[in-house]
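A.B. asks: Given next are the chains, with one letter for each unit.
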Amino acid sequence: MDHFHYGFFILLGLYHGVNPGMGWLFSVAIAMQRESTKTIFVSHLPIAIGHLLSLIATIVIYYLISDIITPKVSKVFFSLLLIGFGVYKLIDRSHFTWTKMNVNNYDLALWSFLMASSHGAGLMLIPGFNYEGDHMIHHLEHFGFLALGVHTLAMLITSIILAFTVYKLIGLRILRSSWINFDYIWSFVLIIGGLFIFFV
Amino acid sequence: MGMTADQTFYPTPKMAMEAPPEEVAYIATLNVHGKPDSLCTVDVNPNSSDYLKTVSELSLPNIGDELHHFGWNACSAHLCPYNPHPDVERRYLLIPGLRSSRLYIVDTKDDPRNPKIIKTIEPEELMEKTGYSRPHTIHCGPEGIYVSALGGGSKTGEGPGGIFLIDHLTLDIKGQWENDRGSQYYAYDFWWHLGHDRVVTSEWATPDLFENGLNLEAAVGGKYGHKLHIWDLKTHNHLQELDLGKENQMVLELRPSKNPKNTYGFVGVVVNTQDLSASIWTWYLDKGEWKIQKTITIPAQPAAAEDLPAPLKQFGAAPPLITDINLSLDDKFLYVSCWGTGELHQYDVSDPFNPKQTGLIEIGGVAKKKAHPSGAPASGGPQMVELSRDGKRVYFTNSLYSSWDDQFYDDIKGWFVKADVSENGGFELDKDFFMDFGDQRTHQVRLQGGDSSSDSFCFPNEEN
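So the sequences go chain by chain: G and R.
2 is the number that numbering that gives the first Met the number 0 gives to position 3 of the first sequence; each next residue is one higher, with no gaps.
182 is the number that numbering that gives the first Met the number 0 gives to position 183 of the second sequence; each next residue is one higher, with no gaps.
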């Protein structure tokens, strides 16, 4: 991994961590329900595991597909996939149904997996895998492990800091004053990622 | 769909009490003289030149809908953390026709003072897609828009009533909500404990028992609903039934604690067939099991036979008939409509098992027929009661259901009034606030931006 890769995966980790739909807000709600600061930290383990599993599933599929098509075709295919998914998420605003507040660790990991998968969190990382940078990637497994590890760690730390800050210091008013529509931004990041794959 | 959060959404119930005062109120009015029902928009801003005027009347395109408990497409539940979407706007009112099984959807966004119909779901479509008829109550929630329906999916409405879902984005019917309905057959109100994944439903009756008026014989025989049902919000399965006893006829409005951490709520019983009293019950969770106990009894009031309407002459008493209740967003005050005796009670329910009466308003009533303090005569009695989010203003109307109105009151005339709540309890009618609707019978009131029975919350109150 070069500087670009570290920057890319960490930046998207920060972005996923900040997104209230990826876990920190759920963590705050559970902590409030249980009146337990510890819950902020404990609940983040299954959230991170679910997120990571979704990314692994996506990237494994990415490698499988990359293996059977030429790099040129791959470039076009994944570029269109990301742009298409981004546009699709802009148009179709529906989302998977989840109504359970009383969650155990397994539920929370499943929720996080579904949330990451349905939003295409793994897809968003593909440009980082597609871009080889200055050095040829010789050990894909090693690279993939490091990339997803760095990303998930960045996401986890960001999410915990946010959850803790909102729970302990700022309070929930921030939801009213500082909410931005993450779905729109999410779609544009996917589309930019698709363009990046195509042109770089 | 906006870029920012709808500013009428609040994460916690206590935070919602900081909401600004409403400027308009929407009132469903019913016509029985061959004219269509209407949605009236009333200016309730004392600083407006249109104060206490109906600024628009949306006359519906059909006759005989019998509008009931309409509600919003979206509310504070869109902040629920497992799927936060506060960018969805509170803009559409879904208005069910209880008699016609038709559902209107009106848009309040472009001009909140002049809502317009944007979609109508016809009875045939509603029955076919849901297996239900007689839509009654609307609540926005975690899976979209939930609608209770009192009858099965046929013209006569036989079969169990229940809940169906409407997609909050497309506003199309999604279908029946129940997975395993267990012992549930009657439907009426429903609400939930979002922090505990539990739904509570109540029982009025099937259409054969209410469309042609109250069937006294059936009530005495215990044929109307007398149970609550507890469900799993996620699996849509019936978990438990709570039987209040056959003598407690018609278990209607459900008001769970607004704080999602809590596991109790209040429900009103219309009449006890043994002594004509009405009652409030508190349900609660006790070591994994839901239980219920009576916490308020309101006795019937003796009255001379000549002062009473025909069905009540034999009893020599006016039954309170609790038809609606409302709970403040801080779970402190419970408002109870006694439509029969013409009273609105206020209780301090800080201790939900030991309510203390803190206020009483008298207006109308089958025997008392008490006028409004403005001097205006008031037929009917306090019925649909709505409370502003800050808990300071109580609005209420007087019509119940056309055929029942006619049994208990001669020639009921619609009105809309307001009471002001004192800081530490107690309330009184605003003597300058009386709106006469004449032949239009007033029913549910919804306040602009939400009210105390329009929203549910996923976050417990913050401690500060």
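Each hint should be verified, as a subset may be incorrect.
To be verified - What follows is a set of in silico ranges between Cβ atoms, one per label pair, in the way DEER data are often shown: (1) R:L51 - G:L44: 50 to 60 Å; (2) G:I60 - R:S58: 51 to 61 Å; (3) G:I160 - R:F352: 33 to 43 Å; (4) R:P19 - G:T96: 49 to 59 Å; (5) G:F95 - R:Q239: 23 to 33 Å; (6) G:T96 - R:G212: 37 to 47 Å; (7) G:G6 - R:Q6: 47 to 57 Å; (8) G:F197 - R:E127: 41 to 51 Å; (9) R:K108 - G:I160: 46 to 56 Å; (10) R:D409 - G:I179: 54 to 64 Å.
No lab work stands behind these hints, which were simulated from the structure alone.
The C-beta atom is built at its ideal place from N, Cα and C for all residues, glycine as well.
A.B. asks: Does each hint hold? Answer for all of them.
C.D. replies: Now the hints, each set against the structure:
At about 58 Å, the beta-carbon gap between R:L51 and G:L44 stays in the expected band of 50 to 60 Å. Between G:I60 and R:S58, the C-beta spacing of about 57 Å keeps the proposed range 51 to 61 Å intact. Hint check: G:I160 to R:F352, Cβ distance near 42 Å, so the stated range 33 to 43 Å holds. Checked against the given bound of 49 to 59 Å, the beta carbons of R:P19 and G:T96, roughly 33 Å apart, lie outside it.
Separated by about 28 Å at the C-beta atoms, G:F95 and R:Q239 satisfy the suggested range of 23 to 33 Å. A C-beta distance of roughly 40 Å is found between G:T96 and R:G212, which places it inside the suggested range of 37 to 47 Å. The hinted range of 47 to 57 Å is not satisfied by G:G6 and R:Q6, whose Cβ atoms lie roughly 37 Å apart. Range check, G:F197 to R:E127: Cβ separation about 47 Å, and the 41 to 51 Å hint holds.
A hinted range of 46 to 56 Å is violated for the C-beta pair R:K108 and G:I160, which are about 37 Å apart. In this structure, R:D409 and G:I179 meet the distance hint of 54 to 64 Å, their C-beta atoms being roughly 58 Å apart.
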